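Chemist: Numbering (full-length UniProt numbering), first residue to last: 1 to 269.
Simulated from the structure, these hints should not be mistaken for laboratory data. It should be emphasised that the depicted structure is a prediction, and the values quoted were computed from it without experimental measurement. There's no promise every hint is true.
Unchecked claim - The following label-pair restraints were derived from C-beta to C-beta distances:
hint, residue 1, residue 2, range
1, G237, R199, 18 to 28 Å
2, A33, A185, 42 to 52 Å
3, E71, R112, 27 to 37 Å
4, P187, D28, 41 to 51 Å
5, E71, G180, 16 to 26 Å
6, Q17, E64, 27 to 37 Å
7, V14, R68, 29 to 39 Å
8, P187, D229, 16 to 26 Å
9, A109, A185, 34 to 44 Å
Cβ atoms here follow ideal geometry from the backbone N, Cα and C, with glycine treated the same way.
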Amino acid sequence: MGVSLGQVLEDLVVETQVLQGLVAGLGDTGMSAATPAAGWNIRDQLTHLAYFDEAATRAAVAPEAFRRDAEALMAGGMDFPDRVAAEHAEMPAGDVLAWLAKARLEFVAVFRRLDSRMRVPWYGPDMSALSSATARLMETWAHGQDVADALGVDREPTDRLRHIAHLGVRTTAFSFSVNGRPVPAAPIRVEVDAPSGDRWTWGPARAADRVTGSALDFCLVVTQRRHLDDTALEVTGPVAAEWLSIAQTFAGAPGTGRMPAASQSGGPS
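Using the sequences provided together with the hints, build the complete structure.
Modeler: Here it is in structure tokens:
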């Protein structure tokens, strides 16, 4: 894809501002509004981002301390995102917003000083600093989608989606392995239309298994924010179909996804 860590961080800052604009006026009642993620309200979405921003920063500056913390957290079960949310369920709205702002500023400041290829630990395989920043951007957009859905707001899609779409493609093998399925050898061609009108492509042009459609729909599916049936994506071939039924860009346990349309009940991630 050929993007720099600096570019990803700049887009992360803008995506953060979009999310902060959505929640700036929310008090404690607004923070308690339910989101499409089962059992999670807006407060949970924001404290999730703040907590794991701090974790990502710690992974970069104190990797051994992060590993100890991560091992202890995961030892309690892979439902640790739910436990983190529960620990902060009573945090006042103002404190939530301040925590998110502080954690994000610190993350960006630290990662601006890193080599993009530097390896950092996470809740799974280590990754590059560039991949870690891209993951934070993906998480911000995906959890921001949950917040926007809770508030009944339609966000304008932008070409920042390319980072998320790229991550969606790069996590294809992970999506199969985390679900205990063999990683297929067959390649998949992905062709999606960007908000700007460009076309983004991945995979061999002649691959039999294909995914085509809008970048927005693709990102909504690979982040498990929409069921495939609620998008206009065109899927050709059994491998592509199986992939999009389990695709996930986030680390941790397999996501449950979303049910079609109004019956959405998938868990957070």
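Chemist: If a hint holds in the structure, say so; if it does not, say that too.
Modeler: So, going through the hints one by one against the coordinates:
no.	hint	in the structure
1	G237 / R199: 18 to 28 Å	20 Å, holds
2	A33 / A185: 42 to 52 Å	45 Å, holds
3	E71 / R112: 27 to 37 Å	28 Å, holds
4	P187 / D28: 41 to 51 Å	50 Å, holds
5	E71 / G180: 16 to 26 Å	22 Å, holds
6	Q17 / E64: 27 to 37 Å	33 Å, holds
7	V14 / R68: 29 to 39 Å	34 Å, holds
8	P187 / D229: 16 to 26 Å	25 Å, holds
9	A109 / A185: 34 to 44 Å	43 Å, holds
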